[in-house]
Each structure stands twice: as C-alpha cells, then as structure tokens.
Amino acid sequence: MAEDIKKIMFTVRKPPHGTIYVYEGLEVKLIMAAYDADISVVFMDDGVFAVKKGQDTKALGIKGFEATYGALVDYEITKVFVDRQSMEERGMTEEDLLVIGEDEDTEEPIKPQVVDSDEIAAMMAEQHNILAF
Amino acid sequence: MKLAVCIYEGPYNHAASDSAYNFIQAAVQKGHEIKGIFFYHDGVYNVTKLMEPPQDDRHIANRWSALGATGIDIVVCIAAAKRRGIVDDVLVPNVRISGLGQLTMMAIEADRLVVFGD
Amino acid sequence: MLHTVNKSPFQNTSLESCVRFSRPGDVILLIEDGVLAAQAGSAKTPLLEEALQKCQVLALSADLKARALTDLVPGVQITDYNGFVDLVEQNTTHSWL
Chain A
-6 MAEDIKKIMF
4 TVRKPPHGTI
14 YVYEGLEVKL
24 IMAAYDADIS
34 VVFMDDGVFA
44 VKKGQDTKAL
54 GIKGFEATYG
64 ALVDYEITKV
74 FVDRQSMEER
84 GMTEEDLLVI
94 GEDEDTEEPI
104 KPQVVDSDEI
114 AAMMAEQHNI
124 LAF
Chain B
5 MKLAVCIYEG
15 PYNHAASDSA
25 YNFIQAAVQK
35 GHEIKGIFFY
45 HDGVYNVTKL
55 MEPPQDDRHI
65 ANRWSALGAT
75 GIDIVVCIAA
85 AKRRGIVDDV
95 LVPNVRISGL
105 GQLTMMAIEA
115 DRLVVFGD
Chain C
343 MLHTVNKSPF
353 QNTSLESCVR
363 FSRPGDVILL
373 IEDGVLAAQA
383 GSAKTPLLEE
393 ALQKCQVLAL
403 SADLKARALT
413 DLVPGVQITD
423 YNGFVDLVEQ
433 NTTHSWL
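Protein chains in written order, with the working numbering: chain A, -6 to 126; chain B, 5 to 122; chain C, 343 to 439.
Derived from the structure by calculation, the hints contain no laboratory data.
One should not assume that every hint holds.
Claimed, not checked - Straight-line distance between alpha carbons at most 25 Å, and here's what the computed PhoX-like set of lysine-lysine pairs gives:
1) A:Lys46 to A:Lys(-1)
2) A:Lys0 to A:Lys72
3) B:Lys86 to A:Lys56
4) A:Lys0 to B:Lys6
5) B:Lys34 to B:Lys53
6) B:Lys86 to A:Lys(-1)
7) C:Lys396 to B:Lys34
8) B:Lys53 to A:Lys51
9) A:Lys56 to A:Lys104
Stated by the list, open to error - Using C-beta positions, here's what the derived DEER-type ranges look like:
10) B:Lys53 to C:Gln398: 38 to 46 Å
11) A:Lys72 to B:Glu56: 43 to 51 Å
12) B:Lys86 to A:Ala64: 45 to 53 Å
13) B:Val91 to A:His10: 26 to 34 Å
14) A:Thr71 to C:Gly367: 44 to 52 Å
15) A:Asp(-3) to B:Asp60: 31 to 39 Å
16) C:Lys396 to B:Gly75: 35 to 43 Å
17) A:Ala118 to B:Lys6: 15 to 23 Å
18) C:Lys396 to B:Met5: 40 to 48 Å
19) A:Ile(-2) to C:Gln398: 24 to 32 Å
20) A:Glu87 to C:Gln398: 32 to 40 Å
Predicted model only: the values in this text are computed from it and were never measured.
Note that CB positions come from ideal geometry on N, CA and C, so glycine has one too.
Please model the complete structure; the sequences and the hints are all you need to start from.
Now the structure itself:
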C-alpha cells in the first residue's frame, strides 16, 4: 500500500439500536470505503453487540443493519476487529459474531477478527485519524 | 497545522457543541488552519436559524455562522440533515449542506481530526 | 495518543476502557463530565491513580470550574483550551464518547 494512503480507524463502542450512532456510523464507513484510505473498524465495549449475529429489528419497526455488515468485505472493508475482553465480559464468544463477507476464492465466510486490547492499542497508535461511533 | 472537527450532538442539550466551539476558537487564535467543521448525527441542529435562545444565553447557531463568515468551511451532513428535517432553507448563513465525502476528505487531509459528541 | 474522556466515571465505563487501551506515555484529557473523575477521595480515585501510573492525566479548567471541583486527585494536571489544542497538535486523538 502506498505510503501516502492514510490510516483511518473507526471505533464502535456504543450498543446498537438504542441510539442511531452505530447505524449512521456504518453509513460513514461505507462512504469512506470508496476513497483512498486504509480503513479499519474496531468493535469494543458495548459495540460488540453491533456484530452479534441474528439481530432482528422487525418488531421494533426500525431498519436493521446486519445485512449491510454482511457486505463489509464487498465494500473492501476487511480490517474488522473485535476486542476479546469486551466480548467475553458480555458473555459472547467468537461463535456469536456475524459474518462480514466471504473469501473470494474459497467462499469461506469471513468473520471479524478477535484481538486483545494491546493489539488494538498498538493499531490505534498507528492511525492518521480515528473516528468514534 | 490543519485541524478538522466533527460534532455529533445538537445544541444546548449536550456540551459537545460548546466544547468544540471553545476548542476551535483557541486553535484559530494559535494560528492553526481549520480544514473544516462537520456536523453529524443530531449535530445538524446546531446551525438552524429557527432557534431563538433567551437573550442572556449564547446563540449557538449565530456563533457558528460568525465562525463560518471568517472563511471556515462548516458542513452539515445531508443524510443526517434530511432525516431530521434540516434543509438549506432553515440554515444560518455561512454553512453548507454536503455529503459524507466531505467528512472523509477532512479525515484524510486534516493532520488531526477531533470528535466532540456524547 | 491523546485520549479525551467526557463521561462521568460514576455512570459510564469510558474512562475504564480508555485506561485499558492506553499505552505508557499516552495522554488522557478529562473534559465535560469526564472531569468528575478528578475529584479527590472518590470511589473512582483508584481508577484515576491507575491511569496516572502509565499516562499523563489532565483536566480541562473550564469544566472543573463549572463543576466547582478544586480538590483534585494528586498528579492530575490542569489545562485550558489552549493546552487542549497543543495536545491535539502533538497527538492523534481518540474521543471515548
């Protein structure tokens, strides 16, 4: 990747559906993916609930976004991470995470990558700018 | 240094708009270039001319408009604005409605992006 | 890295997460309701002391004054908006909203 491509990270720390932050934050990611930027997305704290599979917002009468998350890889957003401790503290396992796309060659489903907080801290330190949603 | 600021919350209800304003004032006085100010989420309510706060309180929309008059690019997100009934007709002067591409450009081109929200 | 925290530690785990994800040498700036963490002798003082072990911790004077906070956890420095701008100039910023 060229050196002048800027690293932009999104942190998602709020839970989905109670407020619009996660939903509108996703809109920003999809737009930004069309530009020359090295994008990464990190789900931490209550943000891990945003990537729990099986969300059904029909009875709430609001638009969900699980299908859009399922297409992140199609938007070329592939650096998607989940903080292990946040996930475990909330009783979730890797098994609970939704699929964000599939491997072009093998058609294997791709899930967010579960990482430890020190890895996330190291990634944060490398960013040009960070947007929190 | 080129700075950009993104504001997520509406006026008066949250401190975000005031904090951002005070931050930007200090940055301008220090000679930094403000690459842009972007209103997102409920932040789009900060620049409507329909607000009429009590006279002894700050007028948040007019304050942003005055900052815009100095040449700083103040952008209201079109998607967030339309969702909330904010259109060109209700905006104070010196701000504009545009797309999320503007926020993208700020994030890429500004040396620093600072987010104020809740 | 500059981390800004704008939430009361008595209601929200933002400061706790910020401390967990910060690295030695990072700077934590308490703004808005985040300055409540700076109150000396509170139930959250141990958390702030943990932050001070690895980071520089500052609180925004305008927010401290507005909340009548004068008795601060030792080690917490006070800064103003000019100082905030300088910190942003020196660091990439993450807002723990």
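For each hint, the structure was consulted:
1. Taken as a hint, the Lys46 of chain A and Lys(-1) of chain A pair is broken in the structure, with Cα atoms around 31 Å apart against an allowance of 25 Å.
2. With a C-alpha separation of about 11 Å, the suggested pairing of Lys0 of chain A with Lys72 of chain A holds against the 25 Å cut-off.
3. A threshold of 25 Å between alpha carbons decides the hint, and for Lys86 of chain B with Lys56 of chain A the separation of about 16 Å falls inside it, so the pair holds.
4. As the CA atoms of Lys0 of chain A and Lys6 of chain B are separated by approximately 17 Å, the hinted pair is consistent with the 25 Å bound.
5. Straight-line distance between C-alpha atoms of Lys34 of chain B and Lys53 of chain B comes to about 29 Å, which puts the hinted pair past the 25 Å bound.
6. This hinted pair does not check out: Lys86 of chain B and Lys(-1) of chain A have alpha carbons roughly 30 Å apart, beyond 25 Å.
7. Taking the CA atoms of Lys396 of chain C and Lys34 of chain B, the gap is about 29 Å. The hint is violated against a cut of 25 Å.
8. Proximity of Lys53 of chain B to Lys51 of chain A is assessed by CA-CA distance (about 36 Å); at most 25 Å being required, the pair is judged violated.
9. A C-alpha spacing of about 22 Å is found between Lys56 of chain A and Lys104 of chain A, which places the hinted pair at or below 25 Å, so the restraint holds.
10. With their beta carbons about 42 Å apart, Lys53 of chain B and Gln398 of chain C fall inside the hinted range of 38 to 46 Å.
11. Distance hint check for Lys72 of chain A and Glu56 of chain B: the Cβ-Cβ separation is about 46 Å, which falls inside the suggested range of 43 to 51 Å.
12. For Lys86 of chain B and Ala64 of chain A, the hinted distance range of 45 to 53 Å is not satisfied, since their beta carbons lie about 23 Å from each other.
13. Distance hint for Val91 of chain B and His10 of chain A: a CB-CB separation of about 27 Å, consistent with the stated range 26 to 34 Å.
14. In this structure the supplied range 44 to 52 Å is violated for Thr71 of chain A paired with Gly367 of chain C, their Cβ-Cβ distance being about 30 Å.
15. Distance hint check for Asp(-3) of chain A and Asp60 of chain B: the Cβ-Cβ separation is about 50 Å, which falls outside the suggested range of 31 to 39 Å.
16. The beta-carbon spacing between Lys396 of chain C and Gly75 of chain B, approximately 41 Å, falls within the hinted interval of 35 to 43 Å.
17. Checked against the hint of 15 to 23 Å, the pair Ala118 of chain A and Lys6 of chain B passes, with Cβ atoms roughly 21 Å apart.
18. Between Lys396 of chain C and Met5 of chain B the beta carbon distance is about 26 Å. The supplied range of 40 to 48 Å is therefore violated.
19. Checked against the hint of 24 to 32 Å, the C-beta distance between Ile(-2) of chain A and Gln398 of chain C comes to roughly 31 Å, which is consistent with it.
20. Here the CB-CB span from Glu87 of chain A to Gln398 of chain C is close to 36 Å, well matched to the stated 32 to 40 Å.
Comparing the model with each earlier hint shows violations of hints 1, 5, 6, 7, 8, 12, 14, 15, 18; every other hint is respected.
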